[in-house]
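Number of protein chains: 4
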Amino acid sequence: MRSILNFVNNKFEEGEGEDRFDVFNPAFGAKIASVREARREEVERAVDLAYDAQLKWQKVPISDRINHLFKLERLIWANIDKIAEVTTNEHGKTFEEAKGDAIRAIQNVQSAAAASYHIMGRNNKQIANGVDEELIRVPIGVFAIISPFNFPVMIPFWFFPYSVTLGNSVIIKPSEKTPMSMETVMNLVKEAGYPEGVVQMINGGKESVDFLLENKKVAGVSFVGSTPVAEYVYRKGTSNRKRVQAGASAKNYILVMPDADLEGGIDNIIGSFYGNAGERCLAGSVLVTLPENHDKVMNAFKKRATGLRLGYGMEPDTDMGPLIRREHKERVETYIQKGEDEGGKILLDGRKATCSKYPNGFFLGPSIIDGVTEGMTVMNDEIFGPVASFYTANSLDDALDVMNRSRFGNASSIYTSSGQNARKFSEGINVGNIGINVGVAAPIAFYPFSGMKESFFGDLHPQGGDDNVLFFTERKVIISRW
Amino acid sequence: MRSILNFVNNKFEEGEGEDRFDVFNPAFGAKIASVREARREEVERAVDLAYDAQLKWQKVPISDRINHLFKLERLIWANIDKIAEVTTNEHGKTFEEAKGDAIRAIQNVQSAAAASYHIMGRNNKQIANGVDEELIRVPIGVFAIISPFNFPVMIPFWFFPYSVTLGNSVIIKPSEKTPMSMETVMNLVKEAGYPEGVVQMINGGKESVDFLLENKKVAGVSFVGSTPVAEYVYRKGTSNRKRVQAGASAKNYILVMPDADLEGGIDNIIGSFYGNAGERCLAGSVLVTLPENHDKVMNAFKKRATGLRLGYGMEPDTDMGPLIRREHKERVETYIQKGEDEGGKILLDGRKATCSKYPNGFFLGPSIIDGVTEGMTVMNDEIFGPVASFYTANSLDDALDVMNRSRFGNASSIYTSSGQNARKFSEGINVGNIGINVGVAAPIAFYPFSGMKESFFGDLHPQGGDDNVLFFTERKVIISRW
Amino acid sequence: MRSILNFVNNKFEEGEGEDRFDVFNPAFGAKIASVREARREEVERAVDLAYDAQLKWQKVPISDRINHLFKLERLIWANIDKIAEVTTNEHGKTFEEAKGDAIRAIQNVQSAAAASYHIMGRNNKQIANGVDEELIRVPIGVFAIISPFNFPVMIPFWFFPYSVTLGNSVIIKPSEKTPMSMETVMNLVKEAGYPEGVVQMINGGKESVDFLLENKKVAGVSFVGSTPVAEYVYRKGTSNRKRVQAGASAKNYILVMPDADLEGGIDNIIGSFYGNAGERCLAGSVLVTLPENHDKVMNAFKKRATGLRLGYGMEPDTDMGPLIRREHKERVETYIQKGEDEGGKILLDGRKATCSKYPNGFFLGPSIIDGVTEGMTVMNDEIFGPVASFYTANSLDDALDVMNRSRFGNASSIYTSSGQNARKFSEGINVGNIGINVGVAAPIAFYPFSGMKESFFGDLHPQGGDDNVLFFTERKVIISRW
Amino acid sequence: MRSILNFVNNKFEEGEGEDRFDVFNPAFGAKIASVREARREEVERAVDLAYDAQLKWQKVPISDRINHLFKLERLIWANIDKIAEVTTNEHGKTFEEAKGDAIRAIQNVQSAAAASYHIMGRNNKQIANGVDEELIRVPIGVFAIISPFNFPVMIPFWFFPYSVTLGNSVIIKPSEKTPMSMETVMNLVKEAGYPEGVVQMINGGKESVDFLLENKKVAGVSFVGSTPVAEYVYRKGTSNRKRVQAGASAKNYILVMPDADLEGGIDNIIGSFYGNAGERCLAGSVLVTLPENHDKVMNAFKKRATGLRLGYGMEPDTDMGPLIRREHKERVETYIQKGEDEGGKILLDGRKATCSKYPNGFFLGPSIIDGVTEGMTVMNDEIFGPVASFYTANSLDDALDVMNRSRFGNASSIYTSSGQNARKFSEGINVGNIGINVGVAAPIAFYPFSGMKESFFGDLHPQGGDDNVLFFTERKVIISRW
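Protein sequences appear in the order of chains A, B, C and D.
Start counting the first sequence at 3; every next residue gets the next number (my numbering).
Start counting the second sequence at 3; every next residue gets the next number (my numbering).
Start counting the third sequence at 3; every next residue gets the next number (my numbering).
Start counting the fourth sequence at 3; every next residue gets the next number (my numbering).
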């Protein structure tokens, strides 16, 4: 079984570490490759090369740096089916979901291509007699990008095209669970003509993360993962004088008001809860209704959830793929059990679902727990699986109060036909990504992905123009008297 | 001797702590007031009030929030002499320097008055069929502002007008060494009509800082002080999930090239080293020449340094005031001694200077140490006093190398008539504030104060529009389908 | 009866022209002052002085230029009652309306105080090896500001604070019908300390406009008035190589949907039609309903319109003042008659209204014409008086079609509770200022006042940051190789 | 001999007009194709189709509109040699110059790809209780782009990628002298997948321009050409209520100071005067020295000018191609003669130069006229050919005075090593494009091309983000109360 390669100095290399992580095809429940944990020396070498490469790269005119992005954009389009197939096979999501992942990556390439504008400084002449002032934006050095398993293509692209085009070099450390997608992408990066050392990829697990966080030549870290790890990375990174932006866990509430266009919205709502098998930080997790529309919403929801077909993501009639690992599946099942034990009513039990064609796959069917109340575990914890909990609030205000008591602040949506309800919701809800009749409030590539509270650590968010530009550049103010 | 009062809920209140810090008139060497260390309960109460006030304040239309700034601007102008006199008496700097401090504060009020523009979000319509997206900027909550002794008026204004006008409330904690200036300013804040709880001031020392850093209702901290404390505040603050921006120490090099207009620049250079008695983070500390112009520069420099008159800052013929405390004066004297011990040549010894009229004042005359080399303490440490070290580099490139080996990155200047030298310098020097024929590269109020390396902790800098706005607001992305 | 004075070189001067225009108190129907038409020589002298003054003014640091705005802001607040009384007496609007006019002026002063940010250029370093590029914004010269009678204070402030603070000088030519308000304001401009020649005011009528349009030293013209004059000014100005922005006439439709909160909105709707006696370019003119809510809306509207009290604007129980001139009143009456003649039904006839206390005043009561159809004069022409026409559309789409056939494109509003209707309306309506449950869609001071079609000539709109800044500055691109 | 085709509704079509213009290969002096003058009906049909296409195109999400640009970018790179060869053959410039023309076009495609950012509106929430305000940018309709012969590829790209990506449709009217380059490009536009009607090309001369200016469905015109035509287009266009931006003629002065690095700069200076055979609006035309460096500069300049080799642009040893037409060559020769007649001294006479290999080509060699003074024709008129006039000024100030008396304001450069001279020059010179040690001050694609005085008519300049975005979009301000 082959090892996933590192990508250093524009060469693919076998890692040197002893420890190995298995890569599975979760639909088959079968190992398909392995990843070595990195050794400190390997990471140091990659960082050293990136550091030296950046000293030259930062002097390349931005119009030249942008050319690579335009090439890369075409290359990903040309290879999107291939990339998506790799993703489906290592992650389990459907081919269409995997293509969506890659398309989001492309859109970030397009967004980062505005770097000639984003890097612009500003100036004032004659701030005093004969004195001028200007601010310029300069790249900083080597950035580490540490990404999770669930969107193996998109999430590195929240950072890497911006960071590199603004003049930095990067070390990408993909999830050891889904390292193959970025390995495929690195071929295209190479073809896009970046100089040696500018874009590097190192594989590994926790140790490789520590090696990056402890390396003095790493200027900053962009991370997405679970809250405990995000907070660990944030504290260790900042203590080591690095910039850190760290996206974290979520618990997203979807409020359906009685005045909502349920017929028009229900597919979108179902997609929020069960798309990507619920393994995404923007997934709906708790569906909130008022008493008067609970039954109507439940009926429509359950009907559609029941119809979702489990299967291998490369087969066209698959609606939902497996979970990432057997252990994770079991963890989600425990949540379902807790939902029942703590007083909820299991209206649809995904534990009973099977995929007869792929009996070894890590499949879990869509689940629905009704009658959830505030103290319950499924009301508060991130489950990261295809489990929908139903909560009944007394009013919009009451719903806002409940939602705002969450320790997370990633996303939330309302379904309503009322402009007033929509405004009240978006003003009152303390989350960073807000949907109005939109179930997955994923900001497009030129906006920041804006979590709050325990869903984000740092002050400059991933993706898009404003935040990323300030994160990946430093300012110099120059005051001249001539 | 009276106690400096806190300002809570628009009332001036005596603190409750047992421990006291003395406030001196450094020119007289006499105690003039005292400050109590805050008690945890006091700080909690002030934060609670600020927290509750912010919940209302954030809903006040920005045009109303701005009105207070326009009032405050006029009030500070009208009271500037009074404020400056208080500053001179508690800090020691000259009356003109103290007025400059207050004028910088006013300019930050003017800069923050652009908040209606700065808080603007952005939008795209029809990002997909029937779908719109917008980003809005929202205030966050309570911010703590912890400021140093050396610019008691200006530095709180790097933060407070922006933070408050963008919809937050603030707790200002002035230096316990110079708390009277902001106490005076608080009268004007009150007169400007801010609602109760929006602008609070708490006095105290290290303990009060810890109380703020440990308080869960404090969302962020803006700090300026020495590097060890800045790093302490940064780590403790970020570990407690707060945003932190922390300005820190400096070691600033001034390079005078042989092609410089020395006659035109020398007063400006002298001002950089000895203005504010060298107690500022933008002060020149090491003067770098090439071999061929060392003597010429030294002669001009020494002649002017020798002519500076020590005295009480309220007297018009005073060029330079005392240091802030006797202990600090002795610490600076130790540096001079080290300069000599480690191989430097004392060309002007400020330790011999006296101010006969004020024999108890903490005066130290201008000092010059020649022949400084790279390993010496005075080449590397922040001295924060009127001591100029002369270093001779072989070339512009050599000078850049030496300067960039500093662990600090606050400011640096070049004096030259050559456009090419100027560009090479500003491109090559790794500091945030760069002067070209300008000795004190202080960004004007609408630019960030941009330190690097151990001179700044965080990624969003004090002052001005871009950085402060992202620091003092959070983003919400709203995606709507109608 | 005294002559309104010009303001040239910071001095108030009697004009020299022979022809005179009368200024009335329209509530009394009595002459209160007169205005002389300007002579060409007078205008030339004022422009020459402004031209010379600008050459110095453009070199004044922007922080100093901004100081005058901060002074002026306070001065207008301090004198707002006085200004408003002058406006009420020369224009007829109520004191509260007149204060609103002045407050809008103040808000433009506040908005223009962001000029230090607005004038910022931008830069890119290293666009090629050793080559940098920057864009700077520079003032242009003398701008003429020609304003209409209906908002004698606000409209000059859409332009003057921006133009002057960005480094230009201005010649203000107020309406000869209401010249006294700006004469009052000029005292405050003087007190705010602008240098001689920077802000000038010349009185006169059409000839003075021509003198300005023909003067080679006038770089640009900001105009607001009726469409024929706006187009005249635009063509003549551009032919003479000046920049021109020219706001013009309007015909604003207010659509009330059946799902609107009529109770909550009706006062706001009434204000749109009858505020400022209908003499404003954002006034509602045609009220559009669907068949099913026509009667309900009509009843509520008529009830309130009937209750409006005519009177002298300084008396507190006055709801609506007179029209500006007897001739204009008669012109509006002719429109009412045409409304009837062409098939409309007069439900409320303002021609029958009187103000017994002021029998000579130019009063016209609120009028309502029902059953208006597309070909009718009152459906298409700007009336500029307190006349509401009711039109019944078949649907939202039908209403949009009708409205978009108008040759004007200033403003339009919808009243609805539906987010979908609101989006459809704002996407589909071809006007520059759009209200959603807002009857007078007046952009706040930091947004452009955005007319379309025959409501605006030019491409850069009045007021606020973006458009005005590009209008009042020219760009220089500087490319340097060092 | 074939006719150049129009490109309408994604089809190449033969025009219908009777009149024809000849297209030459100027190096051979031979006709290679012909262009028909457009008929009014043809233009109307193309505009009608563009108008209808735009109504759909404006609703396409901007992320989809951008995709076409990314495709087009790659297509032009892939076909750049082919395009450049066509340009060389129809225009005469060297192959390298022609490639540079196409690369500038590509850079504008890249620049326009930032449209997702540029079209962003902005918003403020809660401007009053419950009231929000937002500005959105919307496309306008059909724009005409009328371009000159000298940069047949680049100049349409100053406008077309921005206009189209922002949601408008365009009618491109290339110069009838060099229509083949854009015909070639249209194949790539088609391949990039734009919907029918969005990008149209119509060929013709003055009549086609009038048809466009008179067509009511044309919303705006982007023009580059000579001053008389630019002014004609500007006046006629604005009179017909269109937006117009019209680039015009130039007369560019290059000042070489005695402190300049002549050795490093001379090739760059020569390129400015003789590149593109002097047929460009950024070409140096008058070389200004001070008395003390006149001879030195003249010697270096003349030596290099003498060495330039005339020839067919496809041959690698050709330094300079022919002029565009025989008539134009004769016109330039007349200027040389006037230079002599009016008192100048012909140091190098291009009229004597020949290209023996291509005896019928429209070749004119490099010319130098020394001793030019202010009243002379060659000092003031645009020549648009390879003629350098030498003028001697007394000082930098004197040079600025002379240059600023020009009626043009396109470009000017200084060569100096002094930062002070550079600042004084860029502050004092009244032109839009300024070079510091750069002979051809061509703004890169993300900056506006900024002419002044009679070099530009309008207020929003070609190219780049700010100006073009405001030119190609209208604003809507939406005020909502929910």
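Incorrect hints may have been included.
Note that the list lumps identical chains together, so a pair holds whenever it fits in one copy or between two copies.
To be verified - With a cut-off of at most 20 angstroms between alpha-carbon atoms, the simulated SDA-like pairs for lysine to any residue come out as follows:
1) 101 / 69
2) 426 / 261
3) 101 / 296
4) 354 / 367
5) 455 / 306
6) 13 / 186
7) 61 / 430
8) 455 / 142
9) 426 / 60
10) 73 / 105
11) 426 / 306
Worth flagging that the hints you see were computed from the coordinates, not collected in a lab.
The structure displayed is predicted, hence computed values, not measured ones.
message: For each hint given before, does the structure comply? Return the numbers of the non-compliant ones in rising order.
response: 3, 5, 11
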